[in-house]
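Student: So the chains spell out like this:
4 protein chains.
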Amino acid sequence: MFRVTTSGVSHGPGYMAIIDGCPPGIPLSVEDLLPDLARRKPGQSKITTQRKEADLPEIWSGLFEGQTDGTSIGILFRNEDQRSADYSDIKEKYRPGHADFTFDMKYGFRDYRGGGRSSARETICRVAAGAIARKILACQGIRVLGYVTQVGSVVYQPADPSQITLEQVEASPVRCPDPEKARAMIELIEEVRKERDSIGGICELVATGVPAGLGEPVFDKLKADLAKGLLSLPAVLAFEYGAGFQAASMRGSQCNDHFIPDPVSPSGIGTKTNRHGGMLGGISSGQPILCRVAIKPTSSLPQSQPTVTKQGEATEIVTRGRHDPCLLPRFVSMGEAMVCLVLADHWLRWKAQCGG
Amino acid sequence: MFRVTTSGVSHGPGYMAIIDGCPPGIPLSVEDLLPDLARRKPGQSKITTQRKEADLPEIWSGLFEGQTDGTSIGILFRNEDQRSADYSDIKEKYRPGHADFTFDMKYGFRDYRGGGRSSARETICRVAAGAIARKILACQGIRVLGYVTQVGSVVYQPADPSQITLEQVEASPVRCPDPEKARAMIELIEEVRKERDSIGGICELVATGVPAGLGEPVFDKLKADLAKGLLSLPAVLAFEYGAGFQAASMRGSQCNDHFIPDPVSPSGIGTKTNRHGGMLGGISSGQPILCRVAIKPTSSLPQSQPTVTKQGEATEIVTRGRHDPCLLPRFVSMGEAMVCLVLADHWLRWKAQCGG
Amino acid sequence: MFRVTTSGVSHGPGYMAIIDGCPPGIPLSVEDLLPDLARRKPGQSKITTQRKEADLPEIWSGLFEGQTDGTSIGILFRNEDQRSADYSDIKEKYRPGHADFTFDMKYGFRDYRGGGRSSARETICRVAAGAIARKILACQGIRVLGYVTQVGSVVYQPADPSQITLEQVEASPVRCPDPEKARAMIELIEEVRKERDSIGGICELVATGVPAGLGEPVFDKLKADLAKGLLSLPAVLAFEYGAGFQAASMRGSQCNDHFIPDPVSPSGIGTKTNRHGGMLGGISSGQPILCRVAIKPTSSLPQSQPTVTKQGEATEIVTRGRHDPCLLPRFVSMGEAMVCLVLADHWLRWKAQCGG
Amino acid sequence: MFRVTTSGVSHGPGYMAIIDGCPPGIPLSVEDLLPDLARRKPGQSKITTQRKEADLPEIWSGLFEGQTDGTSIGILFRNEDQRSADYSDIKEKYRPGHADFTFDMKYGFRDYRGGGRSSARETICRVAAGAIARKILACQGIRVLGYVTQVGSVVYQPADPSQITLEQVEASPVRCPDPEKARAMIELIEEVRKERDSIGGICELVATGVPAGLGEPVFDKLKADLAKGLLSLPAVLAFEYGAGFQAASMRGSQCNDHFIPDPVSPSGIGTKTNRHGGMLGGISSGQPILCRVAIKPTSSLPQSQPTVTKQGEATEIVTRGRHDPCLLPRFVSMGEAMVCLVLADHWLRWKAQCGG
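Chains as they are written, first to last, in my numbering: chain U, 736 to 1091; chain G, 736 to 1091; chain P, 736 to 1091; chain C, 736 to 1091.
Everything hinted at is true.
No distinction is drawn between identical chains; accordingly, a pair holds when it is met within one copy or between any pair of copies.
Straight-line alpha carbon distances no greater than 30 Å define the calculated DSS-like cross-link-like pairs of lysine-lysine that follow:
(1) K870 to K1086
(2) K826 to K1045
(3) K1007 to K929
Hints in this document: simulated from the structure, not taken from any laboratory.
From just these sequences and the hints, can you work out the full model?
Tutor: Structure, rendered in structure tokens:
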């Protein structure tokens, strides 16, 4: 019901996003999109790429007198700061870990300038759309927050994910709410950058205030759509919710969350623990939705890597250009956006079928 | 393009599956569906549930003189061996780890007999549809195989996933291709059963022969659709492909797979390693597609667990009935089915847009 | 949001329909489906085919204790009274006006028994699904009714379509609410039957009580989805709503419906006339939705017609078997069903986006 | 498979169209879009509106070195020549025949400037997308052409629709290929304009070179998707193909098209006549696809019409601004675009399921 369509490439004139299905009457302005876009933006701190993009959205339709009017919302971003010269080398060689090779295999050729359609700059559209979804969810008391729980060997284990605040997350450029861990993560990122390398990590996402009942019972389970949404982002290699991979080592008596009377919950019923990550049978339970995704280290490296040419001859490549040594700090806003989009869609689906 | 629609509940007359978009001229008979259905079937070994179901599919349409005729394929399964008495207790109490509570929250009430629509018996439809998808893929030289790599603390690490054979997998009822690990897994399952408990695990899935170029570049990435397909199965809590969560601890220089000349590959190009799990930019690379999912321990336990009644009062529940102490052995066929369905769909999509 | 998937062929074991997206809590039983199915049934009067089918639906899932439970509804029909011998001739020859030739061209071969998947018997699934949609609509005060306004040269022009009652329609086997015109239509049908011929006609459909606001503003206009739904039925060659083709000869000053104060309407606003057939900009206006479809004369004729063999050699064919000399009387229930399905879908979509 | 998403309003900054699913390697440039856009353009002749729009498309993505690259195509149009003052009156009054009232009913309020999202200017996106679809079809030898067969009382009956050429159509500003009829139509349009009125008409569309086999057998029949596509255009009140509404008066022996040996056809089989409009069972037969749509007279009239205010009080309205006295001349390119889009989609679907 809540649909996002995007187009654009990193070295063309810009990007377009079209959002269909947004309810009318939601107060919305360009300013509402800016905070999330700023969190996604390159050049926001010393541990992200130094590339600069203004990233100013223009809303071309779907708004009237400060509110969504129910019709298609069109958003446009203009590209700036293109340094095409940076990418000339990649025309003939396949960058390891990139989509250069698979695009050539799929389509026969590719736009090699800055990754073309495979560029992560496309996520700017999703972050903008996610900010609109976030406003719809906020009207229902639903809040979505992400933060970094791992960068390489530095691991942070939150005591209570649903208590973490946006302020705690934003207090550090690495977006880990624990100040000490954040410092260690930043140090590690600085270190790998100096070594002309990159580093992976984990982002945890929590949605609170989600009413019980969202998600379809079979194919379109909420967990399935969250997994798809998050895996549709570049560099995401893994998804888990609740106990996740830990459940493989657990017994049923350890893993099951016991239902308990819960006067705070609208249904009067809660669970003692949340190893089910807020979803049972693929349907939200009213407990916080909790999931984690693993992000691989940036593939573009300013060091020489073996590869082949388009003709299949062995060669080496050094990816020039300005790249994030660690994708995690900027990923947080992208991950949140996808969770917001999936929840907004399921909220509207719930309204259609089960709403009053 | 390849679409499966299912209906049915575990304690009604049976299940229906409708498959649309299947190419015409694929040789198909009921016999083609039986092997995968037999691997899914309850009662197939002492470590699975002792419930008996004939699980004989009836193909009502879409076949003509031994071949698919391009029109909608209708498959029907009749339920047998229903012991409704076994489930009478769950009418008033919420089983921990089950969808009872979330169905009530979503729909206002539920079919409490045997889980109703949330019963894992629904996967019988997907396994049948997956067997048809498997035949389409086989015509292209694509093979999909799953096996168990973890049950509780017993972990098996395959040396080369793409070399494992169906015979090796089927040699043991637990479907771990390593005989020694398989024995240890079976022992553990026996042990937890005796303790009236259950145990989780991990299933790895490998697809070989997948041509480079399947998957869409943005939302419908192949990795995203595999994640959705697998997470749409009951009890799946996690998905990863290639390096997966390990990538969070890796550097780019460790994680990137270098392209190499590869005379065996149709493109003449391969990768030295396969930490990308056969997908780059969400598009298949021609390397084996490799992914893993975590399955939680069976929620239904023949021991007393705290819970609440529908009215929210604390109580206890013992789930009677015959349940698998470990879902992994039977999960393998379900996981393979979802991978087959996703690959068949993307193969048809590739043909539509990029095919000759 | 309200989705119907069907499978089955006229000479296989039967048909299946799966309905997804139905709201929970709608009282429903097999009995609710029978009236519409009886109106579609062959053999119901002397002017329809004398073929007999029990047409008894079995609801396999989606119902619990007399109400829809929100999950997938599975309905099954068993075929009876198959006389395959009747159809043996059509294996080698293409019946004029039938899909035999186009199926062969599309799929390479076809199930030639009784039309296979192209048989109009498939509409049994839609009529059953439509009866469920009708119940959803009835809860909102929406009523859908069809009737025959033309058979060959006999034309009936209703004074006020929204005042016609089901009783008036069902008073005659030809389903024309005007007794005199009905008699003339029946006479004409008898006449063409005796001449081993068939005759076409027009069915008008009216939906009253439809609230203003259903339909999307661009691609999924309500008029577009009604046209698609009705043209997806066999033998329908044309669709118009409101003034329809008459508008081609009109001036704007004649065609525009003036808005007027209307105390009866929930909005206080109505239109003086209804040449817009209840839809403006593709969105319902609150006025009765009024459309008409043209049905071609039955293609199967018990007289010799020139045609070709599969090898392209000129020959002749006499279509044996029992066929309706006029499709209109039985079409009414099919047309109503499609209108109900489209309206139920748009009602749910409205609830999702614009509902309270 | 071939998908178009649009956004934009007539009095905002402009329009966006995103086209997904286009095969790679189709030569394409802005110049390819201009001819169809010029035929749609306002101000092209004295019988169309005198409003001026540059209507210059900018292709932002999906092209690389002069060819489609298989990824999402983004097209942008900037609005010019907005005279908002022209529309100030319609804020408080509902224009007869317009979507003002239904938008208010659906969304609670509306962008009243120039029709907002309901403006027919949105079709600029479809015409651009249709021009791309036309290029895909041209590679398969498929040609789509529309022309005006009726304006008010002036009716043109083509002898052989498949022989009409683009040059014949474009020879007259009214786009009727018969010079005499064209003159009469132009005279009539001039006359109604002088009388401050408008006039309706009929556009016929013919697609030649369409291979047999396009279209799905049940819901997504080619006739159904053509009907939906064409009815999704503004002001279209009716659709028919082949014999259309005439079939209601015909007997089967008159209406059936006899199959004949046809050495010109790839299958060696043709039909003697084409009352089936190139589709049997909803699937293309290899004969020319022939359909007609009725367009209502322009609703906006420069004469006073009775209506109501938003508060439901009776008033009058004169629609100022520059409007076409007859929509037909400009409609031709819109109708062709929708036919191209539907055929391109079904061509890709055919390739997916039935292609080599």
